[in-house]
Amino acid sequence: MTTGQLRSWLEERVPVGDLTEALRHKTVPLHRHSAWYYFGGMTLFLFGIQVGTGALLLLYYRPSAAEAYESVRFIMTRVPFGWLVRSIHAWSANLMVATAFGHLFSVLFLHAYRRPREITWVSGLVLLMLTMAFGFTGYLLPWNQLSFFATRIGTDMAASLPLVGEFSVRLMRGGKEVTGATLTRLFGVHVAILPAAVTALIALHLFLVQRHGMSVPPSVEDESRRSGRPVASMPFWPHFVLHDLFGWTVALTLLAALSAYYPFELGLKADPFAPAPAGIRPEWYFLWIFQTLKYMPPSLFGLNGELVVIGVIGAAALVLLVFPFVLSERVRTFRIVSGMAVLALVYMTLMTIVGFVVSRPTP
Amino acid sequence: MNARASGLALSWLLAIPLPLTGQSIEEGARLAFQDDVHASAGLTCSSCHAGPSSRGFALPRIEVAPRCGKCHGDAAYMRQFDPQVRIDQYAQYLTSGHGKRMSTGDSRVATCSDCHGAHGVRRVRDPRSPVAPVNVAPTCARCHADAVRMAPFGREPKPFADWSASVHAEALLKRRDASAPTCNTCHGSHGATPPGVNQVANVCAQCHVREAELFRASPKKAIFEQIGQAECLACHGNHRIEHPTDAWVGLKDPAVCATCHDERGNGATTITDVEHSLGNLNRAIASAQSVLERAERAGMLVDDGWTAQRDGREHLIHSRVMVHAFAAKPFDDMARPGLAVAQQAERVGHDALHELQIRRRGLGIATVLVLGFLVTLWFKIRSVHAERPPR
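Here the protein sequences line up with chains E and B, keeping their order.
Heads up: the first sequence begins at 1 in this note's numbering, then just goes up one per residue.
Heads up: the second sequence begins at 1001 in this note's numbering, then just goes up one per residue.
The hints are simulated quantities; they were obtained by calculation from the structure and are not laboratory data.
Worth double-checking, as some hints may not be accurate.
[Said to hold, decoys possible] Covered stretches of chain E (chain B as the covering partner; in silico rule of three or more C-beta atoms under 8 Å from a C-beta of chain B):
{"no.": "1", "region": "32-44"}
{"no.": "2", "region": "71-83"}
{"no.": "3", "region": "241-249"}
Positions of the beta carbon are idealized from the N, C-alpha and C atoms, including for glycine.
Full structure from sequences and hints, please.
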């Protein structure tokens, strides 16, 4: 059987010819901001790494307060290449959150959320939130001291919510306190619920990106209109994919280097009866929220300070979700969006840096 | 001593500021008595003071102890305040150096009120009491560190200064370990008297049980008895008990063994063997510590190594105790397994560092391969761009 015969045999049974044909004709705009297009692919690649390494970790990990820490230690010390798999999983998670944030801000600055890509934007924003939820639920799984107390602080934040505060805390913890029940619960969310939700949303996100194509920034569109020349483009296959592959290979090498030189530490086993170590703090991507809460007075305008922060962040998330649907496509509006994005980025970066400098955890 | 001087002494003893406004001694005593354990038990001035005499209300010093002993030696009376209370203080006092002299009419020695206070007496467990554990030594020192006061009795005023520089004082005063020994722990409280040569080991053995057992079973016991040498004191001293170090074992300065032994004498081989074994064990533990710390700093998990290291340290502590057997075999039986686990800890550290090298070497090789792949990819990208340039 020749290659051509094999291809037609396969096409008859798995008809994907029109899809591959579409990919062959798909193009990616080429302009001075094109580099930002790679953030989405990089985040997807890191998600793939997470799925692969997570599946390997599942072979040995035991989700109970009595065995979680020991099983992670076993993975790190006894399982061949266990140290590499666990460290890559942990480092890749951090890198994935970083690239997801990079992707979000690039979309904001390039105004890629505009009509008809509003649903693509919403699916992306929800994906970012789910990525952070991945980080939050995965952080407790090694059951070490830092993760235990950081989870206690993190879940405590929900307690200030009006009406549903107590319920939310109980829902997250599986009880009043952070216990083995919390670990089992977060493990279930981390390995079943979140992957299912994220996979479905990624499918929708990619489908929409495929249907609408890559967005061209308004400034580039204007230049093209003024010059009368169409925006340059390159074929998705193989040009863009090869560029992606280049970036992914660099990312993989970086992960391996981080794992070899800075293996993700395990720390001490969680002891619910021990006092919280000084300088306890959540993962870096929650640090700006944590730091804002720390600086907030107990009472503001007669309201609970924590509640005000959570309310403002909730309102901001809501605005982020709906603003593409209501925004007019004017240069002034784009400038306002860019200005707000810069302000948010500066604030989040500053608070994260302050969080790192001010609250160093005690080993 | 006139009444004013007695009042001043009393106020100093009880740490009560005597007003400079001319407050009477009786007024000072009345104020102090308000915070007195006896007052809280319902006793009054007349319980101790019969009435004014030629000396005023003050009790003659020689009468203080019998007066206190009248109640404190009466089991039926004392039981109503505390069913567990001791009633042998006065009987013990009579056996003490203080009590014996006082019985002969020498009132210069300590009596109950000198240590406990007269008015404003507090329970021993009250930290403000002059006989609470942390206050005992300063209370004794008021007399025993006073060279002028000690001279007539032929006693040195050094014990308090010596004790203050000891491990026991460090434990009691710095670490606030109330179980650490102070004056009365070794000398007794009410029956205070210096332990005799043959009694010293028994005193130390109250806490240092294992060391005492080993010593009693050792060949040294009979020799020390024969030459009239106080057991523990020979190496550790009495009041200035310092942290023992491994350098104490050996035949050269600063080893304490060298005080009696030289290279030609009996026991030289045992001393040298123990010295070498201790040195080897210490070096093995220090070496393992350094390797494990290096491995851990590099991000390696070496929990097994730390477990072995803890085991090694425990063996070192037990080995140091086994020195008191003054024999090579029991010491070796403890030190040899310690050496083995310390070496095992070091091996774990070396294995981790070796593993780290393998990882980094592997990463280096992988990086070279990846770089090769990236270069190839770069050329491929250039070639596809050349074949189908962007439109």
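- Message: Taking the earlier hints as the rules, which of them does this structure contradict?
- Response: 1
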